[in-house]
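Participant: Could you put the whole structure together from the sequences, leaning on the hints where they help?
In order, the protein sequence lines correspond to chains A and B.
Read in the numbering used here, the first sequence has 37 at position 37, and its numbers run on one by one without any break.
Basically the numbering used here = 1-based index in the second sequence + 1000.
It is worth saying that the hints were derived from the structure and are not from the lab.
Take the hints with a grain of salt, since some may be wrong.
[Claimed, not checked] Example chain A residues on the side facing chain B (calculated, C-beta under 7 angstroms, incomplete):
1) PRO8
2) ALA11
3) LEU39
4) GLY40
5) LEU45
6) PHE48
7) GLU71
8) PHE90
9) PRO94
10) ILE98
11) GLY99
12) PRO101
13) VAL110
14) ILE122
15) VAL139
16) PHE142
Each residue gets a CB set at the ideal place from its N, CA and C atoms; glycine is no exception.
Protein chains: 2
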Amino acid sequence: MTPPARAPLAAMDVQPRRKASSYPAPFAARMSGREKRQLGDVFGLSRFGVNLTTLAPGAQSALLHRHTRQEEFVYILSGTPTLRTDEGEFPLQPGMCIGFPANGLAHHLVNRTAEEVRYLEIGDRDPQDVGQYPEDDLVARFSARGWSFTRKDGTPW
Amino acid sequence: MTPPARAPLAAMDVQPRRKASSYPAPFAARMSGREKRQLGDVFGLSRFGVNLTTLAPGAQSALLHRHTRQEEFVYILSGTPTLRTDEGEFPLQPGMCIGFPANGLAHHLVNRTAEEVRYLEIGDRDPQDVGQYPEDDLVARFSARGWSFTRKDGTPW
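Facilitator: This is the structure:
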């Protein structure tokens, strides 16, 4: 384990996470072109995560999802992604933001442009959190060991 | 109370907080030129706060401080503030970031330039949190009603 950084860093100098996605294989493949720099972890933060995420053209932030406990917040740094939700779509620009309370809109970002998209995503960490996926046969449960996934009927992937 | 926003917003379109500072008067005066847009609150988030903070030339982010429980994270959007800590100073540029674990470096940002500084600041909310101020006769205690302040000997300001 690298000790936490105690001095400021250029966010883009932080190495991207090695594991592209923690989703089961058929879903992980859909996260191609997404890169996460785990900025909060670098400084030893544990109560919330702050990621600098990059979406290549055609990439998406996650499967369409909501959380039962976790709150999320997104701030667009560059590029013009589309926010897809279960209540419609919203075009985003740099300097725009949105917060997602628990049990709120299901959501994800998709990059339908030819330019890279960069954004900050923030989420707290609740050991009871469950991720729900309206468009996919998937349920995520958070624990001290990270996310574990099953099908909606509880059987493993 | 305005109901929480459910659609994305341009962060700069969010109205700045009316109360310039919750510090007692002699300290609040030193926060002149600082403006906070409480982005997380606008969307009904309660577990952590996300502020877009603007520092006019000569302004500072806060008194030099650390928290006993709260974690903080800062991402510079524009301008070149100086990070002052109890272990030295660091020049910052857009795209730089730093996280402050609880009981870590005492810190604040100062804008010694002629240009405005803009940054995102994120912090969780812990009802047991205490703010410590190495350079000032001040102690802050967090509760459901917000921050309350005393001198270091416990007497009120």
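Participant: The hint names LEU45 (chain A) as touching chain B; please verify it with the least Cβ-Cβ distance against 7 angstroms.
Facilitator: At 5 angstroms from the nearest chain B Cβ, LEU45 (chain A) passes the 7 angstroms test, so the hint holds.
Participant: Was the hint right that GLY99 (chain A) lines chain B, CB cutoff 7 angstroms?
Facilitator: Check passed: Cβ of GLY99 (chain A) comes within 3 angstroms of chain B, closer than 7 angstroms.
Participant: Using Cβ atoms only, decide whether PHE142 (chain A) comes closer than 7 angstroms to chain B, and label the hint accordingly.
Facilitator: 14 angstroms, violated
Participant: With chain B as the partner, please determine if VAL139 (chain A) meets the hint condition of a C-beta pair closer than 7 angstroms.
Facilitator: Check failed: Cβ of VAL139 (chain A) comes no nearer than 22 angstroms to chain B, outside 7 angstroms.
Participant: Given ILE122 (chain A) as an interface hint, is the shortest Cβ-Cβ distance to chain B below 7 angstroms?
Facilitator: 6 angstroms, holds
Participant: Would you settle whether the hint for LEU39 (chain A) is holds or violated, based on the nearest Cβ-Cβ distance to chain B being less than 7 angstroms?
Facilitator: OK, holds: LEU39 (chain A) within 7 angstroms of chain B, min 5 angstroms.
Participant: Mind checking the CB of GLY40 (chain A) against every CB in chain B and telling me if the closest is under 7 angstroms?
Facilitator: Given a least distance of 5 angstroms, the restraint on GLY40 (chain A) holds.
Participant: So, VAL110 (chain A) near chain B? Judge it on the closest CB pair being under 7 angstroms.
Facilitator: Interface hint status for VAL110 (chain A): violated (14 angstroms vs cutoff 7 angstroms).
Participant: Given a cut of 7 angstroms on the nearest C-beta pair, is the interface hint for PHE90 (chain A) held or broken against chain B?
Facilitator: 5 angstroms, holds
Participant: Under 7 angstroms is the threshold here; is the Cβ of GLU71 (chain A) close enough to any Cβ of chain B for the hint to stand?
Facilitator: Cβ of GLU71 (chain A) sits 5 angstroms from chain B, so the hint holds.
Participant: Given PRO101 (chain A) was flagged as interface, is its beta-carbon under 7 angstroms from a beta-carbon of chain B?
Facilitator: With a minimum Cβ separation of about 5 angstroms from chain B (threshold 7 angstroms), the hint on PRO101 (chain A) holds.
Participant: Closer than 7 angstroms between Cβ atoms is the bar; does PHE48 (chain A) clear it against chain B? Give me holds or violated.
Facilitator: Where the cut-off is 7 angstroms and the nearest Cβ of chain B is about 5 angstroms from PHE48 (chain A), the hint holds.
Taken one by one, the earlier hints fail for this structure at numbers 9, 13, 15, 16, listed in ascending order.
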